[in-house]
Amino acid sequence: MSKHLLKFTVNGKDHALVVESHERLLDVLRNRLGLKGTKEGCSTGDCGICAVIMDGRLVNSCLVLAIQARNKKITTIEAIGTAENPHPLQRQFIKFNAAQCGFCIPGMILASKVLLDNNPSPTDEEIKEAIRGTLCRCTGYQSIVRAVKAAALEMKKR
Amino acid sequence: MLRRFDVYVPENLEDLLNYLNDHSSEVQLIANGTDLINRIQRRQVDPRVLVDLSGFSEFSYVRKNNGTIRIGALTTIQDLISSPVLGRRYDVFRDVASRFGGPSIVNVATVGGNICAASSSEDLIPVLLVLDANVRVRSKRGERVIRLEDFLIGKRQTTILPNEILVETMFDELDDQSSCAFEKIGMRNALIIAFLNCCVNLKLSKENKRIEEIKIAMNRVFGKIPSRAKKTEAELRGKSLTRVQLENAITSLKKELQLTSDFRASKEYRQEVAPVLFKRALIKCLERLGEKIDV
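Here the protein sequences come in this chain order: A and B. Using my numbering, read the first sequence as starting at 1 and increasing by one per residue. Using my numbering, read the second sequence as starting at 1001 and increasing by one per residue.
What the hints contain is simulated information worked out from the structure, not anything from laboratory work. Where a beta carbon is used, it is the ideal one built from N, C-alpha and C, also for glycine. Fair warning: there could be bad hints in the mix.
Covered, in the sense of this in silico footprint (three residues per stretch, anywhere, with C-beta under 8 angstroms from a C-beta of chain A), are these stretches of chain B [as the list claims (entries may be wrong)]:
(1) 1004-1015
(2) 1033-1039
(3) 1099-1105
Dumping the calculated DSS-like pairs for lysine-lysine here, alpha-carbon to alpha-carbon at most 30 angstroms [claimed, not checked]:
(4) B:Lys1224 / B:Lys1284
(5) A:Lys128 / B:Lys1284
(6) B:Lys1279 / B:Lys1254
(7) A:Lys149 / A:Lys128
(8) A:Lys3 / A:Lys73
(9) B:Lys1230 / B:Lys1267
(10) B:Lys1292 / B:Lys1206
(11) A:Lys3 / B:Lys1279
(12) B:Lys1279 / A:Lys128
For each label pair, taking beta carbons as the anchor points, the in silico distance ranges come out as [to be verified]:
(13) B:Ile1146 / A:Gly12: 43 to 49 angstroms
(14) A:Lys13 / B:Tyr1269: 36 to 42 angstroms
(15) B:Thr1068 / A:Ala16: 41 to 47 angstroms
(16) B:Asn1208 / A:Cys138: 55 to 61 angstroms
Build out the structure end to end from the sequences listed, making use of the hints.
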């Protein structure tokens, strides 16, 4: 009983792997699938750094048991743009110096992406609402909010 | 990595109820895990077997029939506030969600999980207490309906039996003379466990705007259990909401609260902020009813 066959989709690719009961989604993404972009922060759901998108909603991967992600569609930071062709959010985060140490940025970008997917023209308040569960201890958030706003404009122009 | 445990994933509801009936002593239920995984990580609990409820989407709903609102145990806080069934009259749930946690918690945490976790940090409990909610539990042998007030018996203690699951919570619809509001104080707005919270359900009489009915709940009325401040409610019932009357109510509330100190806040601090939260919630109720009070 302690092992389960986990079938799920990560970044558009179907996976079937045997996981142990106590493994978290975070553990499977990082250790089994090698997707190290998802960072482990507090491990208790307080910091939002390990956030991924599960069936269109932001979730903390440290609080989801791997087996609970069965039949779900997961999006991690690896599926958001590339170095050659960054997502508008990534381009604007760079432009506005919205990353300092960078540790929270995968969670921050994913939280912002879910916001823009549902609300293409957010106000500053709505941006702050969307990232309120993601802790950044370096930037002070101002440049992050500006970057998300600029990304929204860039995406609208396309 | 978490410490080792097993997870049982039931095939269907029948399998779940049978499994709980046969293994009730050694298992713990898990919904979406926002509270439980955290507690496992902090080594506050050390389960051997978890039974996964997260797949039972049939228990995720908000329904209204014959004057009763029914909320399925696996309804997430996000589902609750986006439900078309709960209109502006139920903005109290939006009050809770906006102070409950970030999106990654609100999207996942469930109504049933909040009720069964049964601690002073579960913000939904005071709201459901002022709505006089009931809970429905089910086992292989049948169902029971219990008043939420009787269901909660202590910190992290409920009257649910090991072979039962919580199915739904239900309460009577609010009428148009009634309004609810929730207030909370903690260290930060997102993701915070309240030092103190307060929920008020106020009903004004149509004729003279006196208080026809009032229900007040806080997460810490007696020690660490969320409950109603019934003496203060009685003090206000039938009265007009004047400044003097409000001061009397606050005196009564201070007497009624048996607050304690812990690492989050001192007893003295809680005593200072309790009347403020109560006043704020009351003012919000009045605003929602289109009324004003000079305080």
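Taking the hints in turn, this is what the structure says about them:
no., hint, in the structure
1, 1004-1015, "holds (count 6)"
2, 1033-1039, "holds (count 4)"
3, 1099-1105, "holds (count 5)"
4, B:Lys1224 / B:Lys1284, "holds, 25 angstroms"
5, A:Lys128 / B:Lys1284, "holds, 24 angstroms"
6, B:Lys1279 / B:Lys1254, "holds, 13 angstroms"
7, A:Lys149 / A:Lys128, "holds, 11 angstroms"
8, A:Lys3 / A:Lys73, "holds, 21 angstroms"
9, B:Lys1230 / B:Lys1267, "holds, 20 angstroms"
10, B:Lys1292 / B:Lys1206, "holds, 15 angstroms"
11, A:Lys3 / B:Lys1279, "violated, 53 angstroms"
12, B:Lys1279 / A:Lys128, "holds, 28 angstroms"
13, B:Ile1146 / A:Gly12: 43 to 49 angstroms, "holds, 46 angstroms"
14, A:Lys13 / B:Tyr1269: 36 to 42 angstroms, "violated, 52 angstroms"
15, B:Thr1068 / A:Ala16: 41 to 47 angstroms, "holds, 44 angstroms"
16, B:Asn1208 / A:Cys138: 55 to 61 angstroms, "holds, 58 angstroms"
In summary, the numbered hints that this structure violates are 11 and 14.
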